[in-house]
Structure formats: C-alpha cells, structure tokens
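The chain contents come next:
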Amino acid sequence: MTAVALSRRTIADIGEPEFAARLARQGLGVRIGPFDVKLRSGVRTIDSALHRLYRDYVLLDGDDQVFNIHLRIVSTRHWRRPHKRMVRLLVDGRAPHEDLPLDQALAVLEWGLNLAIALRSHSWLMLHSATVERHGGVLLLPAWPGSGKTTLCTALVFRGWRLFSDEFGLVEPLSGTVAPIPRPMALKNASIEVIRGFAPGAELGPTIPNTRKGTIAHVKAPTESIQSSSKSAAVRWIVFPRWSAGAEFACEEMPKLDAFTMLATNAFNYEMLGESAFIAVRRLVETARCFRLVYSELDRAVAFLNGLADSK
Amino acid sequence: MKRRTESASAIVRRLLTIAVQDPQAVASLPERDLDLLLRLARRVRLLGRLADRLERTQRLVQLPSAAREQLKSSSVLVQARSRVARWELNRLAAVFRESPAMRVVLLKGCAYLAAGMPNAAGRLFADVDLLFAERDLEVAEQRLISRGWHGTKLDAYDQHYYRVWTHELPPLVHAEREVEADLHHNIVPRTGRLKPSAALLLEDVQTIDGGSLYRLGDRDVVLHAMTHLMFDSDMADCLRDLVDIDDLLRHFSESKSGFWDDLLDRASELDLVRPAFYGLHFAHVLLGTPVPDAILRRSQKGAPWQPFEWVMDRLVPLALFPIHPDMRSRRATVARFLLYVRSLWIRMPPLLLVRHLAYKFYARRIRVSPGRRSVPDAGSAAKG
Amino acid sequence: MTADVEPSWCAGRADDLVWVPFGDDVVVYHRPSGKTHFLNAVTALLLKEVLLEPKSSLEAAEELAARQASLAGSDFVAAVRASLEHLEHLGLVERA
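Residue numbers (our numbering), protein chains in the order written: chain A, 1 to 312; chain B, 1001 to 1384; chain C, 2001 to 2096.
Honestly, the hints are just simulated from the structure, not real lab data. Keep in mind the model is a prediction, meaning the values are calculated, not measured. Backbone N, C-alpha and C fix where the C-beta goes; we use that ideal spot for every residue, glycine too. Treat the hints with care, as some may be off.
Said to hold, decoys possible - The calculated label-pair distances, taken between Cβ atoms and stated as ranges, are: (1) G214(A) with H2089(C): 37 to 43 Å; (2) V1061(B) with R212(A): 42 to 48 Å; (3) P145(A) with N1090(B): 34 to 40 Å; (4) H2089(C) with S1099(B): 16 to 22 Å.
What the hints assert, rightly or not - Calculated lysine-lysine pairs in the BS3-like style (CA-CA distance at most 30 Å, straight line): (5) K231(A) with K1072(B); (6) K256(A) with K2035(C); (7) K38(A) with K1072(B); (8) K38(A) with K231(A); (9) K1195(B) with K1256(B); (10) K188(A) with K38(A); (11) K231(A) with K188(A); (12) K213(A) with K84(A); (13) K2048(C) with K2035(C); (14) K2048(C) with K1072(B); (15) K38(A) with K84(A); (16) K231(A) with K256(A); (17) K256(A) with K2048(C); (18) K1195(B) with K1072(B).
Just need the whole structure built from these sequences, with the hints factored in.
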C-alpha cells in the first residue's frame, strides 16, 4: 500500500451534503487501515452519524482503483408486514443475512464491515481481539465471552494507547507484525455509561436499542489513531482479560502452552492458514509476555496495563 | 478505449472471458475493470484459479495491493480446502482399504485433485462425490457410518425425499470434519431422463497413481462434467463448471490423438449425446475451446429441436455468467428462473415435481426457509 | 484381517509433523490433516521414537515402561492400547 500523503483529503473536507450524495449515488470511497472500502447507503437517517464517525478517514475519490470491499445497505420493507421498514446489507450484491429493523442501520453497516473483513482477509492471521499500541509495542486483548475487551480497549485508548482495532488483530504471518484498522468501537449496554464516565471527551454515535447484542453505541476512533493507521507494530504483550462484577483484581503471567492454546482457538482463521498460523502463534506467545487478567474496576486494569507498558 | 454503450452483461462476459482465456492480460486491465473482475470471479468461484494463474506467470506483483491481497486471501482459502479434501480422501481410502473388491470411484472435484488434472490448481474444493457399484452402495454407507460418518441435518421431508423419491442416498458427513460425502450409483440422478449404463462406466475406471482410489475413464470424466452442468444443475453462476469442461477437453485432446471422436463414440454408447452436444457447443462458443469443425458437426446429432437450441443459447450464458453486482438484470433473473424450472423438470417425473414445488412453496411460508440465516457474528462467519 | 492377530501400529512420516515443545508437553502440527494436537510426554514418545517401527500395543507398552525402568502392567498396556487407537483415529499412526 502506498504511504498516505499528508495532503490526501479526508471525509471532513467534503461537507455532509456531498458525503450523503456520494453514499446515495456512485458510492463513497474511504481508506480504513489497510482496506480501501466502497460504501453505498440508501439509508439517509444515518448520514450525519457516519459523517461524524468517519470524518478523519482518508477519502478515496473516483472509481479508477481496486477496492478491497464493496458494501451497501438499502432500505426495504418487511415481506409480511409492509409498514415495517428494514435495512438490508449487501456484499457484492448478495445479502449475507436476514434484514433487520431500519433503526439499526448504523450497527448493520458496522457489523457488515466486520463480516466482509473476516471473510476475505486470509492473507493475515485474524485474531478475534482488541488491539492497542503504546511505546511501539502492541497489546493483544483476545476476546472471550465475558472478556469485556471492547470496554477495556476503549478505556485504554483514552488513556494514551493508540487504537489498532476493538475487534481484529490482523497479524502478518511471516513477520508477526500487526496492522491497524481503527474503526468506531461498538459498546454494549452498561459499558456505554461506564465509558461516558471514564472518558468524558469520547465522541459517541447514536444509541441503538434492541439489537441482538442489546443496546449499542459507537465510540469514534481518536483522530491520531486514524492518522497513524499505516504504522504496524510488533506484539509485546498478550493479555486474556475477564471482567467479573465485584471480582478481586488478579493478573498473572501464564504458561506459554496455555497462551498458545487460547490464542490458536481465538483466531478466526487459524485452521485455514494451516502451518503458517501454527508458526505465527508459536512465535507470538514465545516473544510476547502472556497474562491472564481478572478485574472488576476499569481504572485498576488500565493502571496495571499502563504500568506494564511503561516499565522496562 | 471507452465502451460507453457496453451493457452490464457484456462487460461481465468480456472480463471473465479474459480471466479464463488469457489470465496474464488481467495484469494490464484498467483498475476499474480489475476491481469489478475480482468481484465477479469471486461470485463464480474462479478467484482462486485467477490467483493461481497470475502467480505462476509472476504477474501478481504487477497488481495494485488491494488486488494482490484479495487474490492472496483466495489462494489461502483454496489451499485450505484442498488440504481438507486430500485428508478426507486419505481417511476414506483408509476405511475402504480392507475391502479392495469394493471399488471407490472419485467423481468431479476430488477426482481432478487426486489425479492432478489441470483444472485442479486454484479450484475451490467443496464436497466429495463417490461412485460405487449399485450392489456395494448400502454396504459402503454402513461402513462409513460405522467409522464415524453420519447423516447431515436434513429434516424428515428432505431425508425421505432423498431416499424414496430420488432413490439416492442423502449425503454423509464425518462427525469431526465438515466435508460432505455423497455416495452415487451413477453419474446422473436415478429419476432423471438420461440413463447411462453404470456397468459401462465402471468397466472403464482407472486407478489414480496406482493407489486404492479410482476415477472414471478419460472420456467419462469429460462426459460427466458435461452431464452434470447441463442436466443436473440450474447453471446459476456455474461458469466454473464450464471452465472445467474447457480445461478437460484441451487437456485430453492435446495428449491423446483421436480423443474428440472417441468422446462422441462414448457419448453414443452411454446415451449422453445431448449433454455432449451442449458441452462442446457452449465450451466452444463461450470459452473458445478449439473443437474441430468436423466434431461440432458430428455432435449436432445430439442437438435438440432447433427452437430449444435457440432458447438455450440465450438463457445459458445469462445463468453461467454472474449478474453484475451493482446492476439488476431482469433478463438474467428470468433466464435463471427458467433454467431452474428446467433443472427440476429434467431431474424429476412430473408428479414428483408438482409435489416438490408445492412443498417448497408452503415450507417457505410456514417456517424460516433454510436459505435465510440469522445475523452471524464475524467470528462464526469466518469459521463457517 | 482375523480377530486373533494383534494389530501393530506405525507412526506416519517424520516430516508430516512439526513439533514445538512447551516444557514436558508438546504441540504438534500435522501437515496432512492441517490439525494441531497437544500431546503429553508419553504420546510424544510413542510418535517420535517408539513407533518408528511397527509395534503392537504390548510391545510399545513394554518399551515405554523400560525407559522408565519399570514393568508394563496390564493397566498400562490397556492405556497404551487406548492411546494408539486414539492416535489412529486422529490419523497420526496407521495400522501396519
């Protein structure tokens, strides 16, 4: 990928009306980390939120280039209840899942991007992990039910860490370096208020109730994270977090074998990559420090991780 | 050179034909065309093949990184599926090793893979298709079930439909792996209109690399590919299957003199002159297979009534080639529907057809049809 | 194959496996199947050394026991037999 020149226009450089017009008609090109994405949207109600959340991303003018992903959302009506308006995700003209209520359009678009990335980025080993960077080293926070990885990731990002992703660890298999894809971070339910309290400066998109994951709100990725999104880094710490209400704080370095097992199981495409995934995961757990973390207070977890990164 | 008046389907055909006939030229396409081609190739499962051909001719490095990444990703997927396929064949061979009298004949994709045929490189493998002598079929099914295979999750209707109405065995899947194994007694459905002799097919089988697995004879491999595409599918987005036919025809005709006539002789023997006609015709017209004129003339004996041939000439390309992802095409939608109806008609006797369609109509209305899945996570989608 | 004949097993080709030790345990990648397996010390020894030549479960058990300077009791032999059948199921060993 060619380096992003500072003189490239961002979405902020085109006003919201032009942004909406492009989304509606020929599509809007935007660079998100290593992916050049073409977006089309027939849902006007989310233009404003999208413009705010994506204003710092590099704008890709024109059609004369290859895009990694073509994504489209359209509004339709429910086939049995025509008064009910729905949103449909289309990836290359096909709907990968059922239609959802129109008021979830922003969430559908974000999930759609995740889906498209997960389905066709097998030149990377894809971990299901939050990924952040400090002092040139990457911290992986692999996802587990109850891990609270997105909340923790968001908190870290507002305490000096650079956001790579709240969902994916894109590991280049040969070198082991991770590629950033900073995107809006999707908070669920109680975490929304927690983060509002923890990081009053965070910019949030609209609150979307009643999705299959509960109530969702997206936190805009910090400008600096987006502007540095061509800079990869190596993994220095792997922390398997578990949030548990009222739990006592505990963090211990873990046996490499356990880290290997947990990381291999965690990766979306471990089996698909075969031997190169085996070797890449082995190298990751051998060269990084691996921890298990249990916490209930966000501050405590953040302080510990900051300390870990700041120490030598 | 701008083609302002080129229709969507013409663009689709032009780009995919280049990708199949002259893959190296893909590296010189304008980026806008390359972008569209990648999407089209993915839809018809030819992206892996394109990646393979570009890599072999060292053209991959000439492409923009967004193209390289998608092609590389596709290669990874293809290689993973090939590895899975080879292992599945390894496990199947182990199961049947104890009964060498029961010949296991590989069909289609896994045969191409095991025998190293030219269309295996870059091919996206899916299921395993096996042919057995009729008398061995039940024993084979029992043997697999005793070694850890089981039926897939079909509902009661579909299980019944399979066994009683098509007289085929429902597919089997191993408990720990996700590859389907389909057991066949012939290369066509039992209830279909074509009746090639299974005995003749089995007479001509050959071992693969002197191992314990077999494949059909050369002519039968080709005829099966033609029959499968033209008489056992609705052809929607099945360009890849025509590419298989093109590859196989070129491969065998180049390595064996007299192959073309042998092929037509065999087609007569097996009562497959209609599929042979269609296969040669469409491979020649759509993909430029160098079929000798004399052979095209000879194959005309298997041609349908002229008006049917005219209709098929219009419908088949609209189904084989994908619909442009950003533009709807009513013609293509109609063509695909007609060919879908044709595929049911040729596979089932009329009474069965009516019952089948009626069931499917009601099934869609009273329960969520199998095609509609609920919203997946990125995680389960990537793994699934 | 008659029921009387005691089967013997043999490890697959050496370069089918990529070995990574983690202390006493081993993680292996099996190239033909693309699967990753976690082996304890005993199964690792079976695959890496004991089964380089075909052996029955009794022979394998005796050799393993000898390495620990002990004898192979019937429980141990049964356990080794179970391991061998499991390894066969995974495709890591074959009946010779």
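Starting from K231(A), check that the Cα of K256(A) is at most 30 Å away, please.
28 Å, holds
For the pair we were handed, K256(A) and K2048(C), check the Cα-Cα distance against 30 Å.
Given pair K256(A), K2048(C) holds - Cα atoms ~22 Å apart, limit 30 Å.
Given the proposed pairing of K1195(B) with K1256(B), does the C-alpha separation stay at or below 30 Å?
27 Å, holds
For K2048(C) and K2035(C), compute the direct alpha-carbon distance and say whether it is at most 30 Å.
17 Å, holds
Between K38(A) and K84(A), is the straight-line Cα distance small enough, at 30 Å or below?
Given that 30 Å is the threshold and the Cα spacing comes to 28 Å, the pair holds.
Is it true that the CA of K231(A) sits at most 30 Å from the CA of K1072(B)?
21 Å, holds
Quick check: does the Cβ-Cβ distance between G214(A) and H2089(C) fall within 37 to 43 Å?
About 42 Å separates the Cβ atoms of G214(A) and H2089(C), which means 37 to 43 Å holds.
Proposed proximity, K231(A) with K38(A) (alpha carbon, max 30 Å)
Given pair K38(A), K231(A) holds - Cα atoms ~22 Å apart, limit 30 Å.
For a C-alpha distance cap of 30 Å, please report whether K188(A) and K38(A) respect it.
Satisfied, since the Cα-Cα distance of roughly 27 Å is no more than 30 Å.
In this structure, is the beta-carbon distance linking H2089(C) and S1099(B) contained in 16 to 22 Å?
With a Cβ separation near 20 Å, H2089(C) and S1099(B) satisfy 16 to 22 Å, so the hint holds.
CB-CB spacing for N1090(B) and P145(A) relative to the 34 to 40 Å hint:
35 Å, holds
Within a Cα-Cα threshold of 30 Å, do K231(A) and K188(A) meet the stated pairing?
29 Å, holds
Of the numbered hints given earlier, the model fails hints 14, 18; all others are met.
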